[in-house]
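There are 2 protein chains.
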Amino acid sequence: MTSKLNVVPFVSVDHMMKLVLSVGVERFLTELSAYVEEDFRRWESFDKVARVAAHSPDGVIELMPTSDGTAYGFKYVNGHPKNTRDGRQTVTAFGVLADVANGYPMLLTEMTLLTALRTAATSAVAAKHLARGDARTMAIIGNGAQAEFQALAMKALLGIDHLRLYDIDRWASEKCARNLDGFGFDVITCSGTEEAVDGTDVITTVTAAKQRAAILTDNLVGAGVHINAVGGDCPGKTELHADILRRAAIFVEYPPQTRIEGEIQQLAPDHLVTELWRVIAGEAEGRSSRQQITLFDSVGFATEDFSALRYVRDKIAGTPFFDELDLLADPDEPRDLFGMLLRAAA
Amino acid sequence: MTSKLNVVPFVSVDHMMKLVLSVGVERFLTELSAYVEEDFRRWESFDKVARVAAHSPDGVIELMPTSDGTAYGFKYVNGHPKNTRDGRQTVTAFGVLADVANGYPMLLTEMTLLTALRTAATSAVAAKHLARGDARTMAIIGNGAQAEFQALAMKALLGIDHLRLYDIDRWASEKCARNLDGFGFDVITCSGTEEAVDGTDVITTVTAAKQRAAILTDNLVGAGVHINAVGGDCPGKTELHADILRRAAIFVEYPPQTRIEGEIQQLAPDHLVTELWRVIAGEAEGRSSRQQITLFDSVGFATEDFSALRYVRDKIAGTPFFDELDLLADPDEPRDLFGMLLRAAA
Numbered sequence: 009m010t011s012k013l014n015v016v017p018f019v020s021v022d023h024m025m026k027l028v029l030s031v032g033v034e035r036f037l038t039e040l041s042a043y044v045e046e047d048f049r050r051w052e053s054f055d056k057v058a059r060v061a062a063h064s065p066d067g068v069i070e071l072m073p074t075s076d077g078t079a080y081g082f083k084y085v086n087g088h089p090k091n092t093r094d095g096r097q098t099v100t101a102f103g104v105l106a107d108v109a110n111g112y113p114m115l116l117t118e119m120t121l122l123t124a125l126r127t128a129a130t131s132a133v134a135a136k137h138l139a140r141g142d143a144r145t146m147a148i149i150g151n152g153a154q155a156e157f158q159a160l161a162m163k164a165l166l167g168i169d170h171l172r173l174y175d176i177d178r179w180a181s182e183k184c185a186r187n188l189d190g191f192g193f194d195v196i197t198c199s200g201t202e203e204a205v206d207g208t209d210v211i212t213t214v215t216a217a218k219q220r221a222a223i224l225t226d227n228l229v230g231a232g233v234h235i236n237a238v239g240g241d242c243p244g245k246t247e248l249h250a251d252i253l254r255r256a257a258i259f260v261e262y263p264p265q266t267r268i269e270g271e272i273q274q275l276a277p278d279h280l281v282t283e284l285w286r287v288i289a290g291e292a293e294g295r296s297s298r299q300q301i302t303l304f305d306s307v308g309f310a311t312e313d314f315s316a317l318r319y320v321r322d323k324i325a326g327t328p329f330f331d332e333l334d335l336l337a338d339p340d341e342p343r344d345l346f347g348m349l350l351r352a353a354a
Numbered sequence: 009m010t011s012k013l014n015v016v017p018f019v020s021v022d023h024m025m026k027l028v029l030s031v032g033v034e035r036f037l038t039e040l041s042a043y044v045e046e047d048f049r050r051w052e053s054f055d056k057v058a059r060v061a062a063h064s065p066d067g068v069i070e071l072m073p074t075s076d077g078t079a080y081g082f083k084y085v086n087g088h089p090k091n092t093r094d095g096r097q098t099v100t101a102f103g104v105l106a107d108v109a110n111g112y113p114m115l116l117t118e119m120t121l122l123t124a125l126r127t128a129a130t131s132a133v134a135a136k137h138l139a140r141g142d143a144r145t146m147a148i149i150g151n152g153a154q155a156e157f158q159a160l161a162m163k164a165l166l167g168i169d170h171l172r173l174y175d176i177d178r179w180a181s182e183k184c185a186r187n188l189d190g191f192g193f194d195v196i197t198c199s200g201t202e203e204a205v206d207g208t209d210v211i212t213t214v215t216a217a218k219q220r221a222a223i224l225t226d227n228l229v230g231a232g233v234h235i236n237a238v239g240g241d242c243p244g245k246t247e248l249h250a251d252i253l254r255r256a257a258i259f260v261e262y263p264p265q266t267r268i269e270g271e272i273q274q275l276a277p278d279h280l281v282t283e284l285w286r287v288i289a290g291e292a293e294g295r296s297s298r299q300q301i302t303l304f305d306s307v308g309f310a311t312e313d314f315s316a317l318r319y320v321r322d323k324i325a326g327t328p329f330f331d332e333l334d335l336l337a338d339p340d341e342p343r344d345l346f347g348m349l350l351r352a353a354a
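Taken in order, these protein sequences are the chains called P and G.
Under our numbering, think of the first position of the first sequence as 9, with each following residue one higher.
Under our numbering, think of the first position of the second sequence as 9, with each following residue one higher.
No lab work stands behind these hints: they were computed from the structure.
Because identical chains share one entry, a pair is satisfied inside a single copy or across any pair of copies.
Mimicking EDC-like on lysine to aspartate or glutamate, the simulated pairs with C-alpha atoms at most 20 Å apart in a straight line are:
#1 K56 x E283
#2 K26 x E332
#3 K12 x D22
#4 K323 x E46
#5 K26 x D322
#6 K90 x E341
#7 K56 x E70
#8 K90 x D340
#9 K12 x D340
#10 K12 x D94
#11 K26 x D340
#12 K136 x E39
#13 K136 x E46
#14 K90 x D107
#15 K136 x E293
#16 K323 x D22
The model shown is predicted, which means the values in this text are computed figures rather than measured ones.
Work out the full structure, taking the sequences as your base and the hints as a guide.
As structure tokens, then:
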């Protein structure tokens, strides 16, 4: 084949790690956040479709497509809680960005790592618009796979440099503290949620609790705090006591999805929430006072994956951090697909 | 990484061609047909979802998912008629097969070539059940990318060995005849549809006509013929005159889709059609007499792609015809995704 039209750039897990490291994690998160913010600002230009889910007794496989009319993206993502029993990940993901004008894929990439990065970037974009401007201290409740990314994104965008970590498994907090060593944080490992949230400006909840949990109870949340609720992200899985929700100004990505999957599944279906994109676009008020409790009820949305795909597509240009996949048949004459096959035999 | 859980087998276009050639095209089509037929027979075990389409002025991008509860498959496919202007294909496709029990992809493969093969295999499975048992002669109206695959599948399953080719562009017929040289056909290149269909047992229409065309008119269709209508496959695109449909016993894949996309979009929405799977499963009658005109109104359905993915997945085992893609992040400890990133720097 003389043409390269058959080729699709592919970013493997190894290449994604090398790309992130070569850019620098904090700069990667900062630049990615700018893409996420830009796409939230032009929210209305997106074709927003509900995710297409295939449920089974052990888990779910979802396709999350979206398009801005110029590019089309989708993410394949699974969720299988029992996977860790045989050494597999609970969640894995990959994604594709395509050109709407000709339908050709422009990028195939791993998205397990990239989803962690875009989730943290989205949390930081929301916090930038909702937390108090002088916020410097964050509690992270749940110190698993997301924790370090959340910390670094908040540092990059808000200047958060004091962390108070708590996890029911102390090993996880120690792992998190160790991994963040050298990134310029003042880290305190705590022995309970109450200790962790004491005096913090931002509270991030990102536990793996599988049921209606109340990781955070109302009495622990002081005035002026911004809550970044990341872990409640599917029906039946919540982290905050409902009383907190009733005191807070609630901001969400896409209400039809958040009302099913987010913390607000605990509230009446008509409880007032504000779409984050409206705050970013200047169409709605964010934080109204220093005393207000703000809550970003994050469940993850297809546009955030789209932003991440766009960013990676732009960022790999000129780098060695991708392979060229021979994914698309490209006969010299479209009507001679069979002839292409015959010539391959020669 | 010591584990191989991160790896997904990938079949490139080049490997697909080599796989098909190493198996032999006719044997590949025969074996693939058996998978297609098996999946039609257990039709009711499939989760059938409408395709998820993103339309734009220049074309469409679709995701076609389905699952049998054990495996999950989806195909990405675009359709952009103007693509040939700049040397691109009108249609390209790729697909993924995943394990429902853990959500992990088991196969990523090109599907442009594979779709041509599965479409021909499906046509042949239908004809095996609907054409007269002594059918030996087939007309192919439209001699583009699908023609040779249709011919070989019909030969493999029915013993069709006489072909009568017609295309409005004589080059296409000559290309098709040349490509089929050495495959044991008696081929006649015709100068019109009437000449092509004269005395044939099976008529395959597979043109690229973009509008309501009448490639085949009623007077040309004699008693006892089986019509394999492949080219009418989207709203506004049909190949057969409606009078033929009114004389024929009509068999379809998935009625809700065929009524929108197939030849029967020309008929009333309650016009009687029979689902092909019922004939294969022995629940409905196929051909009722030697005189009856049977019509398979084929538009392509997700289960056929699923069958093709299953077949390729089984067939590549032990061959060199795939690569191993590092698609899935596989940290030693699921909660230490960030640590995996840090260790990659070392």
